[in-house]
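*Asks:* All chains, full assembly: derive it from the sequences and hints.
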Amino acid sequence: SQKIEQNSEALNIQEGKTATLTCNYTNYSPAYLQWYRQDPGRGPVFLLLIRENEKEKRKERLKVTFDTTLKQSLFHITASQPADSATYLCALPNSGGYQKVTFGTGTKLQVIP
Amino acid sequence: NAGVTQTPKFQVLKTGQSMTLQCAQDMNHEYMSWYRQDPGMGLRLIHYSVGAGITDQGEVPNGYNVSRSTTEDFPLRLLSAAPSQTSVYFCASSARVGDYEQYFGPGTRLTVT
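As they're listed, the protein sequences go chains P and H. Each residue of the first sequence is one higher than the one before, starting from 207 at the first, in the numbering used here. Each residue of the second sequence is one higher than the one before, starting from 86 at the first, in the numbering used here.
There may be inaccurate statements among the hints.
To give an idea of the interface, some chain H residues facing chain P are shown, with a C-beta separation under 8 Å as derived from the structure [as the list claims (entries may be wrong)]:
no.	residue
1	GLY125
2	TYR133
3	ALA137
4	GLY143
Heads up, incomplete: computed chain P residues facing chain H, CB under 8 Å, no partners named [what the hints assert, rightly or not]:
no.	residue
5	TYR234
6	GLN240
7	LYS306
The hints are simulated quantities; they were obtained by calculation from the structure and are not laboratory data. Just so it is clear, CB atoms sit at the ideal spot from N, CA and C, and this is done for glycine as well.
*Replies:* Below, the structure written as structure tokens:
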């Protein structure tokens with residue numbers, strides 16, 4: 207099955223700066239990759255999906271890149287705000303079909319005012 | 086739309102007891118899944134369903150049963166609870182299998198003593 211690595215260390219950044227989170231995967235290259243946000247005590251919420259033929263995807267202050275050679279996705283939040291503080295998860299389908307999705311353990315982002 | 090609903094929000098069981106975690110969605114989604122989330126382990130797939138009458142195992146299915154008699158409902162049964170099943174359980178749904186976003190419920194926090 208797919209193995210995903212996200213930085214387990216919390217990321218602390220100053221308000222207004224750009225936060226960059228990393229998602230590395232092993233094994234086969236997936237057809238797509240998703241990013242979710244999770245607040246304490248709540249279920250994850252979908253943010254962005256990027257497909258293997260897309261290098262970059264943007265949505266408001268969010269940007270995702272997908273490098274299938276490096277087997278890596280980067281998730282950027284520009285002009286970060288304290289309200290962006292949360293845990294961010296990446297997710298990708300397992301090999302052999304899309305029925306099973308594997309999630310990373312997530313990176314906790316803290317935006318300091 | 087209520088989205089994905091889960092009941093109960095909290096539950097305490099004694100070892101050996103059985104119970105059913107309820108999950109329902111009102112979006113006419115084909116795909117539904119159950120995850121458990123433990124500290125440091127991320128979300129792990131327990132069982133999933135690609136449509137009414139069709140279920141299959143995920144990454145950690147032992148000790149759990151599911152059924153999908155209707156499109157809307159996907160209950161998760163713990164047959165004989167064990168302390169190792171202490172976790173937060175999330176139900177999720179998506180329109181179809183594939184590169185579709187998953188909508189998560191609010192979760193059930195289960196403690197087995």
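*Asks:* Determine for every hint whether it applies to the structure shown.
*Replies:* Consistency of the hints with the structure:
1. GLY125: Interface hint status for H:GLY125: holds (7 Å vs cutoff 8 Å).
2. TYR133: holds, 6 Å
3. ALA137: violated, 15 Å
4. GLY143: With a minimum Cβ separation of about 6 Å from chain P (threshold 8 Å), the hint on H:GLY143 holds.
5. TYR234: violated, 16 Å
6. GLN240: Where the cut-off is 8 Å and the nearest Cβ of chain H is about 7 Å from P:GLN240, the hint holds.
7. LYS306: Since chain H brings a Cβ to about 6 Å from P:LYS306, closer than 8 Å, the hint holds.
When held up to the earlier numbered hints, the structure conflicts with 3, 5 and fits the remainder.
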